[in-house]
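Number of protein chains: 2
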Amino acid sequence: MSEERRGTLWRTAGGEKKTPPPVWLMRQAGRYLPEYREARAKAGSFWNLCMNPAAAAAVTLQPVNRFGLDAAILFSDILVIPHALGKRVMFEEGTGPRLEQTFSAEELQRDPAQWREKLSPVYEAMDLVAQRLDRARDLIGFVGGAWTLAVYMAEGEASKDQRAARLWGYRNSQDFKRFLSVICDCVAAHLCAQVAAGANVIQIFDSWAGGLPEKAFHDWVISPTKSIVARVKESCAGVKVIGFPRGATQAGYELYTRETGVDAVSLDTAVPIGRAVETLGGRVALQGNLDPLLLVAGGSAMADEIDRLLAATADVAFIANLGHGVLPETPVEHVAEFVARVRAGR
Amino acid sequence: MSEERRGTLWRTAGGEKKTPPPVWLMRQAGRYLPEYREARAKAGSFWNLCMNPAAAAAVTLQPVNRFGLDAAILFSDILVIPHALGKRVMFEEGTGPRLEQTFSAEELQRDPAQWREKLSPVYEAMDLVAQRLDRARDLIGFVGGAWTLAVYMAEGEASKDQRAARLWGYRNSQDFKRFLSVICDCVAAHLCAQVAAGANVIQIFDSWAGGLPEKAFHDWVISPTKSIVARVKESCAGVKVIGFPRGATQAGYELYTRETGVDAVSLDTAVPIGRAVETLGGRVALQGNLDPLLLVAGGSAMADEIDRLLAATADVAFIANLGHGVLPETPVEHVAEFVARVRAGR
Numbered sequence: 001m002s003e004e005r006r007g008t009l010w011r012t013a014g015g016e017k018k019t020p021p022p023v024w025l026m027r028q029a030g031r032y033l034p035e036y037r038e039a040r041a042k043a044g045s046f047w048n049l050c051m052n053p054a055a056a057a058a059v060t061l062q063p064v065n066r067f068g069l070d071a072a073i074l075f076s077d078i079l080v081i082p083h084a085l086g087k088r089v090m091f092e093e094g095t096g097p098r099l100e101q102t103f104s105a106e107e108l109q110r111d112p113a114q115w116r117e118k119l120s121p122v123y124e125a126m127d128l129v130a131q132r133l134d135r136a137r138d139l140i141g142f143v144g145g146a147w148t149l150a151v152y153m154a155e156g157e158a159s160k161d162q163r164a165a166r167l168w169g170y171r172n173s174q175d176f177k178r179f180l181s182v183i184c185d186c187v188a189a190h191l192c193a194q195v196a197a198g199a200n201v202i203q204i205f206d207s208w209a210g211g212l213p214e215k216a217f218h219d220w221v222i223s224p225t226k227s228i229v230a231r232v233k234e235s236c237a238g239v240k241v242i243g244f245p246r247g248a249t250q251a252g253y254e255l256y257t258r259e260t261g262v263d264a265v266s267l268d269t270a271v272p273i274g275r276a277v278e279t280l281g282g283r284v285a286l287q288g289n290l291d292p293l294l295l296v297a298g299g300s301a302m303a304d305e306i307d308r309l310l311a312a313t314a315d316v317a318f319i320a321n322l323g324h325g326v327l328p329e330t331p332v333e334h335v336a337e338f339v340a341r342v343r344a345g346r
Numbered sequence: 001m002s003e004e005r006r007g008t009l010w011r012t013a014g015g016e017k018k019t020p021p022p023v024w025l026m027r028q029a030g031r032y033l034p035e036y037r038e039a040r041a042k043a044g045s046f047w048n049l050c051m052n053p054a055a056a057a058a059v060t061l062q063p064v065n066r067f068g069l070d071a072a073i074l075f076s077d078i079l080v081i082p083h084a085l086g087k088r089v090m091f092e093e094g095t096g097p098r099l100e101q102t103f104s105a106e107e108l109q110r111d112p113a114q115w116r117e118k119l120s121p122v123y124e125a126m127d128l129v130a131q132r133l134d135r136a137r138d139l140i141g142f143v144g145g146a147w148t149l150a151v152y153m154a155e156g157e158a159s160k161d162q163r164a165a166r167l168w169g170y171r172n173s174q175d176f177k178r179f180l181s182v183i184c185d186c187v188a189a190h191l192c193a194q195v196a197a198g199a200n201v202i203q204i205f206d207s208w209a210g211g212l213p214e215k216a217f218h219d220w221v222i223s224p225t226k227s228i229v230a231r232v233k234e235s236c237a238g239v240k241v242i243g244f245p246r247g248a249t250q251a252g253y254e255l256y257t258r259e260t261g262v263d264a265v266s267l268d269t270a271v272p273i274g275r276a277v278e279t280l281g282g283r284v285a286l287q288g289n290l291d292p293l294l295l296v297a298g299g300s301a302m303a304d305e306i307d308r309l310l311a312a313t314a315d316v317a318f319i320a321n322l323g324h325g326v327l328p329e330t331p332v333e334h335v336a337e338f339v340a341r342v343r344a345g346r
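If you're matching them up, the sequences are chains A and B in order. End of the first sequence sits at 346 in this note's numbering; the numbers just go up one at a time, nothing left out. End of the second sequence sits at 346 in this note's numbering; the numbers just go up one at a time, nothing left out.
Don't read these hints as lab results, they were simulated from the structure. Check the hints yourself; a few may be wrong.
Since the list can't tell identical chains apart, any single copy or any two copies may satisfy a pair.
[As the list claims (entries may be wrong)] Taking lysine-lysine pairs in the BS3-like style, the calculated list, with each CA pair at most 27 Å apart, reads:
no.	residue 1	residue 2
1	K87	K42
2	K215	K17
3	K42	K215
4	K177	K17
5	K87	K177
6	K18	K177
Note that the structure is predicted; figures quoted are calculated from it, not measured.
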């Protein structure tokens with residue numbers, strides 16, 4: 001990690017309250033940007049773009065250059081992990097990503113040196129961004145949470161009720177825990193390598209944490225995340241960790257912020273911000289949680305909600321962001337308005 | 001409503017604590033039952049089955065006869081409302097239901113007498129069930145929540161982020177509220193007609209309540225539900241109302257139980273039962289919330305979770321049920337085990 005990179009996101013994630021708050025957006029480099037669509041067309045596919053260091057670095061910097069955001073997040077995908085573990089990942093237009101095959105626990109016993117080699121384009125991209133991004137801005141690396149990756153790896157694709165992974169866990173909990181544990185090894189190694197290449201903040205996206213029963217949430221989200229964060233904190237001094245257990249219950253968010261060791265928590269669209277400030281704000285920094293569809297809608301509905309978010313978080317360490325990723329149909333002007341309104345302090 | 005029907009579900013929904021608790025399952029009449037699959041094949045389609053009173057009544061009674069459940073829930077579908085409002089509803093194997101066309105607010109101005117006529121097969125089915133179901137058991141009517149119906153009616157099909165309905169609400173909130181209000185009229189009338197035909201308990205399924213921002217949850221879930229419940233309570237003395245704001249946050253469940261006037265609340269799979277007992281149990285009866293995938297998995301994972309649910313709810317009015325509907329792949333024996341374990345008190 002660059003020793004010198006200590007921007008407002010890093011500071012806020014560490015618990016300092018900043019006014020105005022730092023602002024970035026999940027999936028800020030993406031299809032809503034004309035310059036992204038151009039780069040994507042040139043690369044030929046989403047995956048090529050992820051795996052071409054120069055192109056990935058260029059795309060990473062696009063929204064920072066356009067909007068002056070406080071942080072860049074490396075353009076990559078959570079499915080680089082199953083790729084590193086040996087399965088072909090397919091991104092096709094109009095459908096979600098799919099894996100060529102699902103995994104069994106045995107198949108995961110792979111050599112960390114092999115993982116690193118397959119993921120070297122990601123680290124090269126991070127290194128390029130680190131060289132180009134000015135020191136005042138933070139640089140975010142990310143991974144999928146172990147549970148979310150397990151959902152893809154057990155099902156072969158996104159699944160609204162995570163059927164294959166849940167059934168595996170219910171029917172053979174020990175075997176499933178071993179599976180999660182190998183994923184954790186790979187995830188922790190991937191995070192540390194991103195930090196070594198220049199990231200000073202990391203985010204763990206557990207996009208499928210919602211809907212899990214209490215015990216499953218504990219065993220499959222809290223425990224693996226705790227193990228990942230512990231290893232990252234041990235190996236990469238100074239990095240700040242943001243966790244995103246999307247769709248968790250309030251009790252789930254409380255447990256997550258108490259148990260996992262994250263510095264900050266990203267709140268999904270449904271989390272009432274006032275309640276989060278009360279119950280989580282004393283413990284970790286908060287990030288979120290404008291509905292991406294409000295960013296699409298714009299107008300007074302968006303403006304009112306931004307004002308409400310800023311007012312509710314005035315006394316805590318807060319990072320302005322969405323409750324989920326930017327949608328492709330988002331008007332670029334609305335993103336500029338969002339950033340300007342956050343910066344204006346209302 | 002039958003004046004004489006006062007079973008354990010009705011009593012528990014009204015706040016009496018029963019040991020063992022009453023037990024029924026959402027979507028208890030469905031594809032996991034061989035006798036259902038036979039009836040379904042004979043009817044030719046799901047929709048035919050819904051709209052044939054004799055067949056719908058027979059299917060309604062199947063799980064009650066097989067498992068001795070404490071209540072029957074009429075075999076029907078939440079999309080009878082868009083059907084009543086004039087759109088063709090299509091159920092095709094392998095995909096979710098779809099509407100032929102989406103709705104605009106203007107199209108909804110329809111004559112209540114017309115609605116009732118189009119829905120008369122539903123009331124005939126209810127009447128047949130009421131005649132055949134023994135008086136010790138309760139008879140449940142149901143509707144979709146206004147928001148959930150609006151999601152289908154705006155989108156034409158289920159939508160993971162409810163994009164069309166949310167955008168409509170964000171961009172033109174007054175127009176969208178009028179749309180919800182007309183749906184509420186139809187929903188309230190449909191509930192009252194079900195009660196008149198024999199239902200003594202009703203459930204409002206707001207299956208798409210999850211993920212909504214705080215203000216949207218208030219405007220699109222709480223307010224319409226409050227208006228529906230008030231009209232039902234006014235018109236149908238003695239009926240008990242169960243609400244199911246699936247995926248709501250804890251603050252959302254709290255508001256729902258405080259504001260809407262429901263007698264009982266059905267908890268989705270993610271709600272930690274102990275927390276629900278603490279924060280909601282003093283106000284309303286609780287129903288739920290075994291993961292339907294645990295009912296598929298069976299074994300000790302299912303048994304342990306049932307025991308945990310029963311132990312946690314020992315001191316409150318509780319209705320044993322799932323956190324969502326029974327899945328088609330559920331082994332029939334697991335349902336029998338679930339019922340037996342609840343009845344055995346562990």
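Mind listing which of the numbered hints don't hold for this structure, in increasing order? 3, 4 and 6
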